[in-house]
Amino acid sequence: MSEADFTPEEADDALAGEYVTGLLDRDAWNDAESRLRRDPLFAARVADWEQRLSGLNDDYAEVPVPELWPRIESRLFPRAAKRGWLSSLWAWGAAGTAAVAVVAYLALSPAQPSLTATLVAVGSTLKYEAVITQDKLTLTRVSGNPADAQHSLELWIIAGDNPPVSLGVIAGDRETISLPGVEPGQLLAVTLEPLGGSPTGKPTLPPLAIGKLDSV
Amino acid sequence: MTDDPIAILIHGTATQDRAAFRDLYSASSAKLMGVLLRILGERAEAEDALQEVYTRVWLKAGRFDASKGRGMTWLIALSRNLAIDRLRQRPDHVNDDDAMAAVSDPAPRAETRLIATGEARRINDCFATLEPDRAEALRGAYLTGLSYSDLATKFDVPLNTMRTWLRRSLLRLKECMTS
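Those protein sequences? They're chains A and B, same order as listed.
Just so we're on the same page, our numbering is the position in the first sequence counted from 1, plus 87.
Just so we're on the same page, our numbering is the position in the second sequence counted from 1, plus 399.
Here chain A stands alone, though its shape is the one from the complex:
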C-alpha cells in the first residue's frame, strides 16, 4: 500500500497528526520538531491537531503531587535563592510573623507551654503548630501533605544570624523532641530534603514552612 494518493497537503496534515499523537520515532520526531520551529503553516496544523485530540485528555487521571513548588520557584527565581538562605528566610519570616497565630493552650494543658509557633507555607497548605513545654518541643502537622517516598521533611531552628541547626527529620504527623534553651524570637523552619535528610547538614532548599517562636 503506498501513499501516492495522499496530496502534499494531506501528507503534511498526517505528519502533524502523527507528531501530536506521539507516534514518531526519534529521528522523525526530531525532524518534525525542527520543522515546527521554521514552518508556521506546519505549526498551525500541529495546533489544530492539539485541539482536535484534546477530548482524549479526560482520560488522564489526576495524581497527587508532592511539594515541588519550592524547587520550581528556586529554579526559576534563582536571584531570590542566591540572596542566601538566611536573608531569604528573613523575608519569609516577615511574612510568617504576620501570619503567626499564637496558640493559647494555657487553660488546656497541665504543664503550661512556654513558647509556641505556627509554621506556615507560602504557596501550599502545609502548616505546623509547634509548642514548647518544659524543654520539649511538640510539632504537629495541621494541614498539607507529608513528603513523598523519595524525600524527607526536615526541621530546623535558627537563632539570630546563626546558620540553621537541624532538629532532625520529621517522620510522622506529630513529633516530640527534647529542646532545651530555646528563646522567643528564634525561628523554626521545615525544608524538603533528600530521603533521610540533608546530606550536608545545611538546608538544600529554601524553607517550605516557617514560623517564629513567641512567648505564650
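Don't take each hint at face value.
Label-pair restraints from in silico Cβ distances [to be verified]:
#: 1; chain 1: A; residue 1: D260; chain 2: B; residue 2: G517; range: 40 to 46 Å
#: 2; chain 1: B; residue 1: K467; chain 2: A; residue 2: G247; range: 53 to 59 Å
#: 3; chain 1: A; residue 1: A131; chain 2: B; residue 2: A429; range: 27 to 33 Å
#: 4; chain 1: A; residue 1: K289; chain 2: B; residue 2: L570; range: 25 to 31 Å
#: 5; chain 1: A; residue 1: K223; chain 2: B; residue 2: G461; range: 49 to 55 Å
#: 6; chain 1: A; residue 1: A148; chain 2: B; residue 2: R417; range: 41 to 47 Å
These stretches of chain B come out as covered by chain A in the derived footprint (C-beta under 8 Å, 3 or more residues) [said to hold, decoys possible]:
#: 7; stretch: 405 to 413
#: 8; stretch: 450 to 459
#: 9; stretch: 474 to 483
#: 10; stretch: 540 to 554
In case anyone wonders, no lab produced these hints; they're calculated from the structure.
Backbone N, C-alpha and C fix where the C-beta goes; we use that ideal spot for every residue, glycine too.
Assemble the complex: chain A is given as a structure, and chain B must be docked to it using the hints.
Showing chain B alone in chain A's frame:
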C-alpha cells in the same frame, strides 16, 4: 474566557504575576502529573519533568492564545510534548514493557465516558468509526506515548503497515471531527 479560570491564570503568569503562577500550579499540577506519569511511567522522572513543565509555562505563557483553545488543553499539550520528547531521546526504549502494560489497560472506563465533556464525546464517537485495532493504537499512542515501533511490536504487524494504517486513520478522524 470567563468560564476558563486556567486561561485567566496563564494570562496572569504571562504578566510575571507570581501569585497567579502559584495558583496556576495549585490548580493544574495534579492533572499534569497524571499526564507525565502515564507517559514516562516513573514517578521520579515525572516529578522532574513536572518542574520542567512549569519552568516552560512561566517562560512561554505569553504565547498562549485563549481564542484558540482552553488553558488546560495548552498545558497538557506542553506536558505531553515534553514527556514524549524525553521518551524519544532515551538511549533505548527501557520503558517499553511498562508502556505496553499501560496501553493494554481497558482504555477509557465506562464512567469516564459517561461524564465525558462534549469534546470527549465527539472524539470518542469519531474513534468508534475507525477499525477497533487502529483506534486502540492511536489512543495508546496519544495517552502513553507509544511510537510506531512500539505499536508494530504490540500488534505484531510490519512497521510500514502500522504507519499506513494510522496515517489514514488520522485523516479519517480529522474528516469525522470537522464534518
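*asked:* Can you tell me whether the CB distance of A:A148 to B:R417 sits inside 41 to 47 Å?
replied: violated (29 Å)
*For the range 27 to 33 Å, tell me whether the beta carbons of A:A131 and B:A429 fit it or not.*
With a Cβ separation near 31 Å, A:A131 and B:A429 satisfy 27 to 33 Å, so the hint holds.
_A range of 40 to 46 Å was offered for this pair. Does it hold for the Cβ distance of A:D260 and B:G517?_
holds (43 Å)
_Outcome, coverage of the stretch 474 to 483 of chain B by chain A - at least 3 residues whose beta-carbon is closer than 8 Å to one in that chain_ = holds (count 4)
_Range agreement (Cβ of A:G247 with Cβ of B:K467, hint 53 to 59 Å)_ = holds (54 Å)
*If you check the beta carbons of A:K289 and B:L570, does the distance land in 25 to 31 Å?*
violated (58 Å)
*Are at least 3 residues of the stretch 540 to 554 of chain B within less than 8 Å of chain A when you compare beta carbons?*
holds (count 9)
*Against chain A, does the stretch 450 to 459 of chain B show at least 3 residues with beta-carbon separation below 8 Å?*
holds (count 4)
*asked:* Count the residues of the stretch 405 to 413 of chain B whose Cβ falls closer than 8 Å to any Cβ of chain A, and tell me whether that reaches three.
replied: violated (count 0)
*Distance restraint evaluation - A:K223, B:G461, Cβ atoms, bounds 49 to 55 Å*: holds (52 Å)
In the structure shown, a violation is registered for the earlier hints numbered 4, 6 and 7, in ascending order.
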